[in-house]
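Colleague: Below, each chain spelled out in residue letters.
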Amino acid sequence: MATYIVRRILWGIALLILVSAITFVFFNVFPSADPAQLRAGRNASPQIIAYIRHELGLDKSLPVQFWVYMKNIFLHFNFGYSFYTGASVLSLITNRLPATLSLAVGAAVIWLAMGIPVGILSAVRSGSFLDRTAMGIALVFVSMPVFWLGLVVLFLFADDIGRFHVFPGANTYVGLTVSPWHWFTSLIMPWFVLAATSAAVYSRVLRGSLIEAMGEDYIRTARAKGLRERRVIFRHGVRSAITPVVTIFGLDLGALLGGAVITETVFNIPGIGRLNLDAINHSDFPIVQGTVILATLFIVVANIVVDIAYAYLDPRVRYS
Amino acid sequence: MRVSRSLIASMAVTGLLAVGITACGSSGSKSSSGGGSSSQSSSQGSSNGVQSIPLKAGENPVGQTLTGSTKKRGGTLTVYSSEDFEHLDPGESYFTQDYGVDYVTQRPLFSYMPNTSQTVSPDLATEIPTTANGGITDGGKTLTVHIRQGVHFSPPVNREVTSADVAYAIERAANPNVANPYFAGYFGAGAPAPLVGAQSANYKGGPIPGIQTPNKFTIVFHTVKPSGSFLVSALSLPISAPVPQSFAGPMDKKSPTTYGTKYLVATGPYMIKSDPKTGLFQGIGYQTGKSLNLVRNPNWNPKTDFRPAYLNAINFSIGGDSTVIGRQVLQGSDAVQFDTPAQSVVKLAYENYPSQITFTQGSGDHYVALDNASGVFKNVNLRRAVWANLDRAAIIKLRGGSLTGQPATHFIYPGVTGYEQAGGAAGPQVPWNKSVTGNLQVAETYMKAAGFKSGKYTGSATVQIVGANNGNDPAIIQLLNSDMTQLGFHTHVSLVDQSVMYAKYCGVPKQEIDACPTVGWVRDFADPLTVLYIPFYGPAITPTNNSNWGQVNDPAINSAMQKAALVTDPTARAQAWANVDKMLVNQAVAIPEDFDNQANVESKDVDGVNELWNTGTWDLDFTSLKNP
Amino acid sequence: MTTATETAEGAVDSVGQPLLSVEDLRVSFHTDDGIVHAVDGISYALQAGKTLGIVGESGSGKTVSSLTTLGLTRSKRSRISGRIMFQGEDIVAMDDSHLRRVRGNDVSMIFQDPLSALHPFYKVGVQLVEAMQVHRSISKSAARRRSAELLELVGIPDPKRRVDQYPHEFSGGMRQRAMIAMALANEPKLLIADEPTTALDVTVQAQILALLQDLQQRLGTAIIIITHDLGVVAEIADDICVMYAGRIVERGSTEDIFNAPQHPYTWGLLSSIPRLDSPRDEELVPISGRPPSLINRPSGCHFHPRCPYVRDAHRRVDPKLTPVDGSSEHAVACSLESSVRARIWDGIRTGRDAESLVRIAAASPEPEVPAAALEAPESEGTDIEPSEEGVVESERHGEQHLFTQPVDEVDHRLERNEHTGEVITGPEDT
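Chains as they are written, first to last, in the working numbering: chain D, 1 to 320; chain H, 1 to 628; chain W, 1 to 430.
Source of the hints: derived by calculation from the structure; they are not laboratory data. Each hint should be verified, as a subset may be incorrect.
[To be verified] The calculated lysine to any residue pairs, modelled on SDA-like cross-linking and capped at a C-alpha distance of 20 Å, are: (1) H:K254 to D:Y81; (2) H:K378 to H:N586; (3) H:K204 to D:H54; (4) H:K290 to D:T94; (5) H:K253 to D:R53; (6) D:K60 to D:Q47; (7) H:K582 to H:N558; (8) W:K76 to D:G215; (9) H:K253 to D:Q47; (10) W:K140 to D:R228; (11) H:K254 to D:L56; (12) W:K189 to W:R146.
Nothing here was measured: the structure is a model prediction, and the numbers come from that model.
Let the hints inform the model, and build the full structure from the sequences given.
Modeller: Right under this line is the structure:
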């Protein structure tokens with residue numbers, strides 16, 4: 001098991017480097033704008049532009065630039081500086097990360113808390129009115145675009161622009177350390193919006209998975225042993241059925257930690273997703289590269305964790 | 001000047017009722033008188049002991065009261081914008097939103113009252129230099145400016161501002177660590193009348209011989225060629241806001257400079273909240289991408305300034321979705337939106353909150369850039385033909401109706417001196433310009449003049465059209481496309497992201513894009529040169545990041561522009577540029593589409609005032625709260 | 001084993017009350033295709049410490065009847081009637097919580113495929129501990145020790161290590177032993193083994209059967225062993241019931257069944273057992289045709305479509321289970337005269353060809369058709385050709401000709417209707 005983990009970690013690092021290289025190539029081979037030119041402004045003389053290019057290190061060959069970049073990361077943990085403001089990319093990211101974490105983790109907790117019970121209930125009472133209604137509602141939510149749902153929720157429930165003044169609206173996010181209560185209330189709607197779609201998906205997946213599990217032979221054995229039905233459902237059924245859910249969850253959360261751009265924009269939460277979007281609009285490459293690496297890191301870590309979790313959950317996997 | 005992305009992209013407002021608002025536009029008639037006398041009008045009375053143009057209530061063409069007993073002091077205004085600032089260093093700013101902060105925290109030599117888009121007022125300077133008062137001498141090649149006394153920097157610098165600070169502010173602009181985007185174009189190697197010593201392309205900052213400071217409160221500018229009032233107008237840009245060299249000098253050695261990214265001092269009524277000991281504002285008054293807090297500058301002396309500065313604090317809230325922000329402003333309190341409101345918000349405001357929306361004229365224009373250098377539109381008659389056939393009135397409708405603007409008939413737009421002289425609203429009455437809805441017969445005559453006897457294009461070339469894919473642009477491009485194909489042209493349309501359109505296609509001459517239908521322009525300051533020079537002057541063409549999108553390079557036009565650039569008398573100057581405008585129309589170098597209006601929304605308890613020169617958005621020095 | 005009428009009350013032999021007495025048990029399922037008559041009136045009894053073999057092919061109702069003994073067929077869609085008397089209490093009428101106390105405690109069951117019947121995610125020891133802790137208060141460590149003892153009891157080497165292993169770490173035979181251990185954890189009086197050796201290879205089969213016999217001797221557990229393979233029960237059963245289409249068509253002691261089988265179906269089963277001493281190239285003789293639909297059963301004798309000796313009257317008369325001459329335990333449900341049967345069996349045994357046997361049957365006098373036996377209500381549908389449902393069912397489950405491993409069982413399908421996702425077996429409360 002230890003060698004397995006080590007191997008996966010090494011793979012993860014290789015993947016990070018690969019993704020960085022690809023992003024690097026994209027930004028340099030298919031530029032949307034020349035950063036030196038953007039900085040120098042209109043009508044800047046070629047000499048000025050060349051000077052700026054030199055200062056930014058853009059006149060070196062691409063492989064050298066990449067090498068310098070990677071070296072800075074691995075040796076000095078330095079992700080470079082914004083072309084625009086000169087702020088350190090790492091500081092920008094650490095500054096924005098808590099908001100994204102708050103959003104992602106909170107939403108994840110909610111969608112699990114919503115999706116799993118509904119999935120179990122639907123499976124156990126499959127075919128019933130409750131099941132059909134729940135799955136119908138789930139289908140509706142799965143189909144909703146996040147952006148639209150976010151706006152609808154705001155226009156209905158925001159206490160400034162909503163029809164019913166219930167929750168704090170867009171742009172009210174504050175850090176947890178600043179004011180826990182406001183942090184919490186400002187995230188209620190964004191959490192819901194993010195969680196709604198996922199909860200729907202998870203309930204459907206778990207329902208299917210649990211129905212299948214409950215048809216397995218070991219369920220019959222469990223009942224034949226005289227176990228109470230509740231125990232049969234949870235200890236024997238859900239225990240088996242939960243593995244695909246765990247797998248998806250890890251990957252979903254990993255992806256979300258890279259920044260939920262749409263939700264962050266609609267609710268104006270200053271997270272990684274928006275940082276990335278703004279940087280792209282400004283062709284501020286170091287920030288983009290930094291956020292891409294961060295997002296990749298989260299996904300790689302999520303993958304590894306999911307694999308380990310899966311091996312923990314399903315002992316048959318450990319021997320492969 | 002760069003306007004907000006949302007401004008260029010969505011100077012379009014859809015679905016509005018076609019009720020014309022002419023109330024906001026008597027600036028046309030005003031500008032003609034303004035073009036003549038106003039730039040001279042320096043000391044026509046004073047308030048607060050300051051020599052300035054007196055402000056009359058209701059004089060703002062938007063119909064807003066500017067000063068008076070109805071204004072209340074105090075309170076905090078929230079300013080929403082979905083975009084972040086680009087540069088807070090006045091030496092680097094080149095963006096509408098940055099200017100919004102610059103002009104309340106910094107004092108350039110000259111700036112604008114909110115009741116005029118053309119007339120510069122003395123700000124840090126004591127008066128407008130003219131030939132009459134001896135400010136402009138040596139045939140226009142020397143400009144002498146006197147600086148007010150008693151203007152102080154904010155903490156931690158604190159001391160009084162001197163002329164050396166202004167000199168340093170301008171000299172640091174060419175430093176690549178500062179990289180002012182317009183220095184070369186107005187003061188340096190690319191300027192029609194560069195400062196002496198700065199005209200070389202190699203100049204990279206450092207003392208300019210052409211700037212002298214004979215004493216603490218006098219600064220003298222020498223230009224290579226006569227510049228006169230043009231230089232005065234150019235010095236209304238934030239570049240002339242004083243910067244203390246002892247404080248900023250070491251910072252300017254870093255790349256990029258940390259003055260304006262981490263540290264800043266102010267001379268205006270407000271400052272970015274910062275550490276009083278170090279001037280550090282990054283992380284204190286400014287959270288990148290999140291918020292900016294302005295507080296009163298403790299060292300500001302109101303007696304030295306025309307700005308009333310009613311508000312106690314101004315908080316910018318950055319980011320979010322434009323439709324949400326607009327509603328938050330309309331339905332909330334003590335708030336305004338600074339970037340262009342979304343179309344749905346304008347509609348909502350116009351229908352439900354009419355007292356909370358204003359429209360300012362003269363916020364820029366749009367036109368179809370045609371490739372004059374190669375391809376099909378090298379032929380002037382084909383350009384005239386397409387112009388003749390284009391339905392500009394329909395374009396206005398597509399942008400949202402007459403509230404959003406009026407059809408453009410030439411290139412100097414309302415609010416810029418020379419507008420009336422160049423033909424005003426109707427424009428030069430050349431045949432292809434007469435009908436704003438388009439006239440196929442007239443178009444066909446020019447097709448024939450171009451050699452196509454049938455009146456339709458029969459050649460084999462394909463017209464490459466590249467436009468932006470957001471907002472109403474696709475619909476406008478579609479309109480142009482059909483008007484072109486009606487004349488027999490074969491077209492190929494590409495819709496791309498707006499920044500890509502500029503950076504990769506329309507701004508790159510080598511791409512040889514025949515038509516860029518949704519390019520737009522906003523002037524940099526109150527001189528007509530800033531509207532016509534860079535977009536249509538041959539030598540201004542650059543291989544990348546080119547803003548002369550049509551690669552217009554007509555020797556007669558170039559020479560006329562060079563001459564007009566050096567006219568020092570304002571009236572004559574306005575006329576000279578109006579003549580250039582007529583030449584541009586005559587040569588149909590591009591097809592004007594619309595003269596834009598800017599929509600602005602405010603909360604019900606905000607007594608907002610719109611300035612007119614910086615795309616017509618809110619002037620935070622004059623805005624106040626009704627219930628602070 | 002009781003006297004052989006289905007209305008008998010479970011009459012006693014000299015030992016005492018039977019441990020288990022099934023009386024006219026009927027189990028049917030309401031499905032979208034119709035009512036499936038899985039068990040159609042069976043009765044049998046089992047004494048403590050004895051072994052009963054229930055033999056039949058897929059769809060015979062053998063598994064359903066055993067599942068019903070544990071109440072595992074209860075659902076919204078099932079109808080159960082009759083009585084299952086266990087230790088004086090009727091399991092059919094028992095409420096769920098009482099039933100749960102019986103399951104795994106007084107009556108245990110082991111299943112065909114131990115790999116899928118054991119939960120793959122829990123260690124074997126944990127599953128054994130669970131089986132114990134549900135029925136009595138026992139500490140975890142005590143239960144673990146007992147688990148190791150149980151594994152040793154069933155002949156698993158190195159039981160202390162094995163207790164902490166997962167089912168997939170066991171070989172097939174060992175898994176089945178572990179299942180047996182789990183079933184015996186609470187010393188049940190009755191162990192029901194549903195095809196316990198079908199999934200195992202032949203040598204391991206023998207070991208498991210030997211194990212069962214051994215455990216019975218040591219613990220005194222009664223065993224019901226369900227199989228399609230007569231050869232399996234030859235070894236260990238005291239008595240045998242042969243089931244077909246939800247009915248018992250013949251029952252008797254093992255000697256009776258093997259020495260003097262009465263029912264043509266039983267003859268077919270016996271003939272299809274491969275024998276080590278028969279020539280290698282001798283063909284196995286399968287019973288032609290496919291198992292009948294339990295929704296639309298054949299008219300008259302349910303076996304008649306496949307019986308080589310069918311007479312006209314057999315299509316109309318549904319024979320009842322009647323005692324065989326001279327025996328108290330041996331009974332058969334067949335319309336052929338017993339002398340005819342005897343001659344046919346003799347012929348089969350001596351290897352006469354099939355045609356001559358058919359002629360014997362054909363030559364015998366036509367049996368009477370009592371008016372009352374004509375067209376009993378449930379005998380709908382056609383005769384020779386299996387009905388549509390029958391075709392569909394057997395297509396789903398593969399050919400059943402050769403009586404080797406069944407691919408799947410109708411019984412199994414009934415437990416969970418995959419198409420509606422409903423779990424049919426299992427109690428109604430959740």
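Colleague: Kindly indicate which numbered hints from before are broken by the structure, ordering the numbers from low to high.
Modeller: No hint contradicted; all consistent.
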